[in-house]
Amino acid sequence: MDWFPFWLSLKVALLATGLGFLLALLAAWALSYLRFRGREVLDALITLPLVLPPTVLGYYLLVLVGRNTLPGQAYEAVFGSPLVFTWHAAVVAALVHTVPLLTKFIRASLESVDPVFIKSARSLGIAEWRIFLLIVLPMARRSLLAALVLAFARSLGDFGVTIMIAGNIPGQTQTLSVAIYQAVESGDAALARGMVLLLSLFGFLVVWLANRFNPPHPSVA
Amino acid sequence: MLEVKIKKRLSGDASSPGFHLDLAFRAEAGITVLFGPSGAGKTLTLDCIAGFQSPDEGRVLLADRLLFDAATRVSLSPQQRACGYVFQRPALFPHRTVRDNFFLALANRPKLERHRRTAAALEDFGLTAYAARFPRELSGGQQQRVAIARALATQPSALLLDEPTSGLDQGLKEDFYRILAQVRDEFAIPVLLVTHDLEEAFTVADRMLVLVEGQLAQAGTPREILSNPQSPAVARLLGAFNLLPAEILALDPAQNRSRLRWNDVELAGIYYPSHLIGDQITLCIRRDEVIVEPKPQRPAKGQLVLPLEGSSVQTRSALLEFPGNLRAEVPLDFYELHRHHREWLVSFPAAALRVL
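Chains A and B are the protein sequences, given in the same order.
1 is the number of the first residue of the first sequence in this note's numbering; add one for each residue after it.
1001 is the number of the first residue of the second sequence in this note's numbering; add one for each residue after it.
Just so you know, these hints were derived from the structure itself, not from any lab.
C-beta atoms are modelled at their ideal positions from N, C-alpha and C, and glycine is treated no differently.
Among the hints, a few may not be true.
Stated by the list, open to error - One side only, chain A facing chain B, incomplete, derived with CB under 10 Å:
hint, residue
1, K119
2, A121
3, R122
4, G125
5, I126
6, A127
7, S186
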């Protein structure tokens, strides 16, 4: 069995989780703490990828980051090669689902912190950014960790958007789920079965881990 | 000094009517108690001062600094207001040790000052031994002590306390009052304490503000308020009063006398200025000022004979219940001695009968 798809999937999932966490943290913070016009619209836009089919999302991304678009060309100027049909595109594809998922989870974690701690911190004169980084995030750390693990599991198995914008190039962009699809298509049942079991086992472990992080009571007073 | 003059309207909904806070007061250094029933607007007042709520009108001035002014649209952030705030629950940061709780509160000070202040505050409040503990390893009373010390370590210009003893039992409450007394002696800042516990108000207050439905009903020392409540609402809130609906039958300013009718019996009172004969009034008399004795053979003039309808024993006294919703408070040993009597002589000292 070729282990390249497994390692690629792992790399993509780790990067997508890390990048997604930063993006989602920003979005969740804005949605929870800032009062601005269009907050509800932003909330809906961020949730949208969870309900749209992968083909639609893949299409949007191709239009958005293709070689003739501004973001696509900006990427090419920085990295020296186009984004689409590289393994970087697989990271972008995974982000499409991890960011909405993480935003939802992080927002719930942040809002589970009792507001009295924030009130107390403000009256002590602690700056807003310190409150967020040194009080709210640490107090929500267990549910944040659980969210991270779930997001990691989700990005490990993306198929639809990945195949639309990263393609299926063995040794370059072929992730585990795409490799499974190809193995089934080409009738290699043994290979498909092996990879399916591997992914299932891995997914199970990750979800089990996530449940252990999630405390029964969100705030320990 | 703290100067507050605020108005705030909260719109109601189907389940609750709207609420209107309209309040003006000053608080000097020392302990000012905001006393009132739940829903009187006590916490809302603290939140308006600390910057967690924005009044519709008015201004808040603390130590010559304008914290809020609706007219000129000044509204400092809670961080800039220098109001220490202690809540019902201690709200210590649970993931930090006691010492780190202080460090966090002093995060924007130079390191040396941060350490010096923390050490001083811990020492001052007898917390040095607990510095390395996490909040969950402390008792409720210790946590509340840390909360006060932490608020004071930032050198606030005022200290706001929102029912800080509601979770503590009697012994711990008394410890807490000692800490408050210490705060009053060491820090020359206004301390505003919200409570609906009358005992607590009397124990700690230098001055007391009685809030009823968002309005200031009365202000003064606790003694003044208890000996002279100015409205039925305040008297009802203080508990220990009889409120008797009565009519003025006669007024005699020359001899400082009046005749009153309550519950079909005639009472003698003092002259009440600015009232007229025939006025329907509410007489107010403290329960322990009603004079009662078991009925002898013949009642003297001015004494009513009333049947005892019931009685109840309280922690430090007993209550006798008479017709017309009249209650008299008597010492426990007196009650034990005479509780079997059916009929009692009741009289009201004229000077104790106040008109509200």
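Hint check, failures only: 7
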